[in-house]
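> Read off the chains here:
There are 2 protein chains.
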Amino acid sequence: MRLGCDPGRSQGAPSDATHVFERTPMFRNTMPRYEILSGDALAALDGGWRRLITEVGVEFMSDEALRLFREAGQKVEDNTAFLDPEFVLEQVAKAPREFDMQARNPANNVHIGGDAMVFGAVYGPPFVREGAVRRDGTLADFHNFARLAQSFAVLDSAGGVVCEPNDAPLDSRHLDMTYALQTLTDKIYMGNVVSGVNARDTIAMGEIVFGGREAIEQTPVSISLINCNSPLRWDDRMLEALFEYCRAAQPVILTPFILMGAMSPVTIPAALVQQITEALSGIALAQLIRPGCPVVFGSFLSNIDMQSGSPTFGTPESGIGLLCTGQIARHFGLPFRTGGGLTSSQVPDAQAGYEALMTLLPTFLAGTNVVMHSAGWLEGGLVAGFEKFVIDAQLLEMLQHEFTPLEIDEAALAFDAHVEVGHGGHFLGAMHTMERFRTCFYRPFLSSSENYERWMRGGGKDTAVRAGEIWRRRLEEYAEPPMDEAVKAQLQEYVARRRAELGD
Amino acid sequence: MRLGCDPGRSQGAPSDATHVFERTPMFRNTMPRYEILSGDALAALDGGWRRLITEVGVEFMSDEALRLFREAGQKVEDNTAFLDPEFVLEQVAKAPREFDMQARNPANNVHIGGDAMVFGAVYGPPFVREGAVRRDGTLADFHNFARLAQSFAVLDSAGGVVCEPNDAPLDSRHLDMTYALQTLTDKIYMGNVVSGVNARDTIAMGEIVFGGREAIEQTPVSISLINCNSPLRWDDRMLEALFEYCRAAQPVILTPFILMGAMSPVTIPAALVQQITEALSGIALAQLIRPGCPVVFGSFLSNIDMQSGSPTFGTPESGIGLLCTGQIARHFGLPFRTGGGLTSSQVPDAQAGYEALMTLLPTFLAGTNVVMHSAGWLEGGLVAGFEKFVIDAQLLEMLQHEFTPLEIDEAALAFDAHVEVGHGGHFLGAMHTMERFRTCFYRPFLSSSENYERWMRGGGKDTAVRAGEIWRRRLEEYAEPPMDEAVKAQLQEYVARRRAELGD
Numbered sequence: 001m002r003l004g005c006d007p008g009r010s011q012g013a014p015s016d017a018t019h020v021f022e023r024t025p026m027f028r029n030t031m032p033r034y035e036i037l038s039g040d041a042l043a044a045l046d047g048g049w050r051r052l053i054t055e056v057g058v059e060f061m062s063d064e065a066l067r068l069f070r071e072a073g074q075k076v077e078d079n080t081a082f083l084d085p086e087f088v089l090e091q092v093a094k095a096p097r098e099f100d101m102q103a104r105n106p107a108n109n110v111h112i113g114g115d116a117m118v119f120g121a122v123y124g125p126p127f128v129r130e131g132a133v134r135r136d137g138t139l140a141d142f143h144n145f146a147r148l149a150q151s152f153a154v155l156d157s158a159g160g161v162v163c164e165p166n167d168a169p170l171d172s173r174h175l176d177m178t179y180a181l182q183t184l185t186d187k188i189y190m191g192n193v194v195s196g197v198n199a200r201d202t203i204a205m206g207e208i209v210f211g212g213r214e215a216i217e218q219t220p221v222s223i224s225l226i227n228c229n230s231p232l233r234w235d236d237r238m239l240e241a242l243f244e245y246c247r248a249a250q251p252v253i254l255t256p257f258i259l260m261g262a263m264s265p266v267t268i269p270a271a272l273v274q275q276i277t278e279a280l281s282g283i284a285l286a287q288l289i290r291p292g293c294p295v296v297f298g299s300f301l302s303n304i305d306m307q308s309g310s311p312t313f314g315t316p317e318s319g320i321g322l323l324c325t326g327q328i329a330r331h332f333g334l335p336f337r338t339g340g341g342l343t344s345s346q347v348p349d350a351q352a353g354y355e356a357l358m359t360l361l362p363t364f365l366a367g368t369n370v371v372m373h374s375a376g377w378l379e380g381g382l383v384a385g386f387e388k389f390v391i392d393a394q395l396l397e398m399l400q401h402e403f404t405p406l407e408i409d410e411a412a413l414a415f416d417a418h419v420e421v422g423h424g425g426h427f428l429g430a431m432h433t434m435e436r437f438r439t440c441f442y443r444p445f446l447s448s449s450e451n452y453e454r455w456m457r458g459g460g461k462d463t464a465v466r467a468g469e470i471w472r473r474r475l476e477e478y479a480e481p482p483m484d485e486a487v488k489a490q491l492q493e494y495v496a497r498r499r500a501e502l503g504d
Numbered sequence: 001m002r003l004g005c006d007p008g009r010s011q012g013a014p015s016d017a018t019h020v021f022e023r024t025p026m027f028r029n030t031m032p033r034y035e036i037l038s039g040d041a042l043a044a045l046d047g048g049w050r051r052l053i054t055e056v057g058v059e060f061m062s063d064e065a066l067r068l069f070r071e072a073g074q075k076v077e078d079n080t081a082f083l084d085p086e087f088v089l090e091q092v093a094k095a096p097r098e099f100d101m102q103a104r105n106p107a108n109n110v111h112i113g114g115d116a117m118v119f120g121a122v123y124g125p126p127f128v129r130e131g132a133v134r135r136d137g138t139l140a141d142f143h144n145f146a147r148l149a150q151s152f153a154v155l156d157s158a159g160g161v162v163c164e165p166n167d168a169p170l171d172s173r174h175l176d177m178t179y180a181l182q183t184l185t186d187k188i189y190m191g192n193v194v195s196g197v198n199a200r201d202t203i204a205m206g207e208i209v210f211g212g213r214e215a216i217e218q219t220p221v222s223i224s225l226i227n228c229n230s231p232l233r234w235d236d237r238m239l240e241a242l243f244e245y246c247r248a249a250q251p252v253i254l255t256p257f258i259l260m261g262a263m264s265p266v267t268i269p270a271a272l273v274q275q276i277t278e279a280l281s282g283i284a285l286a287q288l289i290r291p292g293c294p295v296v297f298g299s300f301l302s303n304i305d306m307q308s309g310s311p312t313f314g315t316p317e318s319g320i321g322l323l324c325t326g327q328i329a330r331h332f333g334l335p336f337r338t339g340g341g342l343t344s345s346q347v348p349d350a351q352a353g354y355e356a357l358m359t360l361l362p363t364f365l366a367g368t369n370v371v372m373h374s375a376g377w378l379e380g381g382l383v384a385g386f387e388k389f390v391i392d393a394q395l396l397e398m399l400q401h402e403f404t405p406l407e408i409d410e411a412a413l414a415f416d417a418h419v420e421v422g423h424g425g426h427f428l429g430a431m432h433t434m435e436r437f438r439t440c441f442y443r444p445f446l447s448s449s450e451n452y453e454r455w456m457r458g459g460g461k462d463t464a465v466r467a468g469e470i471w472r473r474r475l476e477e478y479a480e481p482p483m484d485e486a487v488k489a490q491l492q493e494y495v496a497r498r499r500a501e502l503g504d
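First to last, the protein sequences are chains A and B.
For the first sequence, this note's numbering begins at 1 and goes up steadily by one.
For the second sequence, this note's numbering begins at 1 and goes up steadily by one.
Be careful, since some hints might not be right.
[To be verified] Derived Cβ-Cβ restraints for the label pairs, each shown as a range: (1) B/Arg457 with A/Ala140: 28 to 34 Å; (2) A/Glu435 with B/Glu55: 20 to 26 Å; (3) A/Glu77 with B/Gly429: 24 to 30 Å; (4) A/Phe445 with B/His331: 47 to 53 Å; (5) B/Arg438 with A/His331: 20 to 26 Å.
[Unchecked claim] With the Cβ distance kept under 10 Å, some of the chain B side facing chain A (calculated, not the full set): (6) Asp167; (7) Asp236; (8) Asn451.
Everything labelled a hint here was simulated from the structure, so no lab data went into it.
C-beta atoms are modelled at their ideal positions from N, C-alpha and C, and glycine is treated no differently.
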């Protein structure tokens, strides 16, 4: 059992100019993995993707990608590459099994792969919710979410598009977001993927903060989400971004975006086969672009409601898919991404609580390496919720404690405490208790165990109300992590120049 | 993957006069168990309980119990039995690894042990909550909870004291509760344990319904919770009830009641050692009373908040304890009880949702055989919540679907669907989808995935409000399961006579 109630990280591990960074106290899941696929099942899935990638193939809406596959001896017809599974596996084998990423604060450096788990906030919502108000997200909201991600030690990253800053100029808002992620947080951040141009800007801004191209190629500073337009198609703009990031050795998360019933068949095995086919085809391309480029086997797998067509989250099917995905990614020797605090609920209510955990707990059971959407996801991902952000941070803390192995030694067995207390007594004042009472149990910051009378005297506030108080207080207490003024000026100059060039 | 959205059971499997009953479609968890204790850890715990039971011993506040231990050659001083671990294991070995129970409706018979999981409602709350109202529980509430337990197919039992019927006469309310469980439900039920007298009444009423003592001894009809007054003491009234139930071969759940920090040391390993010691000592006594009597290794394990002293539920510590308990019970070859939908929350909010699942999901991972408190638990068990009852039933349905193994065959891989749909298309109208769309995914009855506009048009109801509508509708639609009028009259006669005898 980890002692100490705060899973926060120690500060100030010195920066290191070499490739191998100091191990920071990021969360490592050394508990057993929960695996549910038999050898036969894995073999069936293996047969499935080999057939699919060979006979149906994958569309790449990029001449450059098709050229690379053709030059590598693969069959290409129109936009479809029909890939030899052995060729794909050769490419996959070039990807590192694990890799490091550097953050502006070296104490926030992360390792990706193995037993390491990295947590980022929700990604992509056009709307935000605070309390009873649901509205368009703004750049101010984006800033506040970035500050909250900085504030909660349990998060390794604000992620990327924590919410869409709808009031920022469209063609240059990627500059605003990247600048905010780089200055309001000192954690790793995600790169913009709307286009190759945006990716180049993200990379250039990383070079400014981290000391040039060589430095970021040596140890990457951004990680980017490349979604497949499932089924079996990679679109042009995402691929443009992929090319840029791979050339700069910045990690990419190749993610089939699958809502079963719409983007894949309705059976989980079929969705898993498709997911393997899509992810591996993208990873093969990444390795053709730059052999050894760090990649992550991505998964975003849920299902639609077959009556209404609505996407649903936190479902039994997505839980099963998540567990299988971990096993599959390990089978291919790749770090993987899946999970998060997903829910369909419109508000941070009981459903939001149980659906988020219905995804997050399997995320820990699977030992997911990169967890996007770990905080703030609401309403099927359309909304970034301030209260939900706090609820998810609470869940992450609880789970990080739960997935820390027990230490069993003589002192933990506490025989002497039994001798001291005897039959029918209580342990509140026992020596064994006195020595440990401050740190023995995880103490939640959001959950209430107040008795009814006390809770009523405090206003009878439910979890969502308390969460609202917590995020407001966190924002009040927030202090921007210091940044070299010259670097900051250089960033601002870059943003201003590029915004002008982009005509915004 | 189980097909079909309703995990309900088929009706009308014929009654069987022999000991072995028809397998009913009760839930069986054939997924892998999640085990986190190493061999070394198990060995350390094994050494721990052996030392504790030998050197500190266990108090039994019953001369009859002490006499049995003494006659069996065990060392007894005052009320404390110092037990030889090998003797204890010999007694434990007499208990059946698995056993059957008969319900009034044979379709609701259950099996206890192995991969079978039995779910009962919350047990013991003095208060109830409906919506914003929290008040003393009444017999009318008890009836309504019993009806709801009958109504939700996912529950195998209403349990026992679903809420305390505070308006029923104290000395005879066990008769009212037993009568209600026997008539308003046709599922198995729990026996009253307030005293030996109450236990005898429960048994007598079981004899009336199921055709006499021999019939219920052959296949038991009630299961009873015998709590240890932890640490290391069994109290007199509970033991009186234990003697009665064991003599009638009615199963007992021997449960250490441990809130770490108060009733046990603050370390999980110490709590586990104590739990083994207490449970096995009670099981040994049960086997001395009647060798072969069906027993369940019980666990109720959470912790207090060390700052306020409040009990806390759905904590990381209780999750870890739960997983360990399953492994320990299997080690001793005993069916086990733990888990439930526990929460400290005062209302059915986000915390109630995530804490309930934080306990229920590990309950499934551990493969718990008997799950008390699976529906309705609120406010640390002080309150039976109507809305929470519905939320928990939703969670149980989701989990029963999630813990059903995938079927992977050629049809599930859906290769032809990919050929039909092609790249970038959608599967909504594919033949493979059309053949499966009604049953392919679990469809929740409580969770909402409505889009925002539609949800707002419907009144913008959160989960608790929707749950309130559901339980009210369920009660309206409830029909009492038919019972032979002569049997019912005999029960009523018994209740009236005994109430008079008890002076109420």
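> None of the hints should be skipped; say for each whether it holds.
Here's how the hints hold up against the structure:
Here the CB-CB span from B/Arg457 to A/Ala140 is close to 30 Å, well matched to the stated 28 to 34 Å. Distance hint check: the CB atoms of A/Glu435 and B/Glu55 are about 22 Å apart, consistent with the given range 20 to 26 Å. Checked against the given bound of 24 to 30 Å, the beta carbons of A/Glu77 and B/Gly429, roughly 26 Å apart, stay inside it. Roughly 36 Å separates the CB atoms of A/Phe445 and B/His331, a value that falls outside the hinted 47 to 53 Å.
Checked against the given bound of 20 to 26 Å, the beta carbons of B/Arg438 and A/His331, roughly 33 Å apart, lie outside it. Look at B/Asp167: its Cβ only gets to about 20 Å from chain A, farther than 10 Å, so that hint breaks. Here the hint on B/Asp236 is broken, as its CB sits about 12 Å from the closest CB of chain A, past 10 Å. At its closest, the beta carbon of B/Asn451 sits 6 Å from a beta carbon of chain A; the interface hint therefore holds under the 10 Å criterion.
In summary, the numbered hints that this structure violates are 4, 5, 6 and 7.
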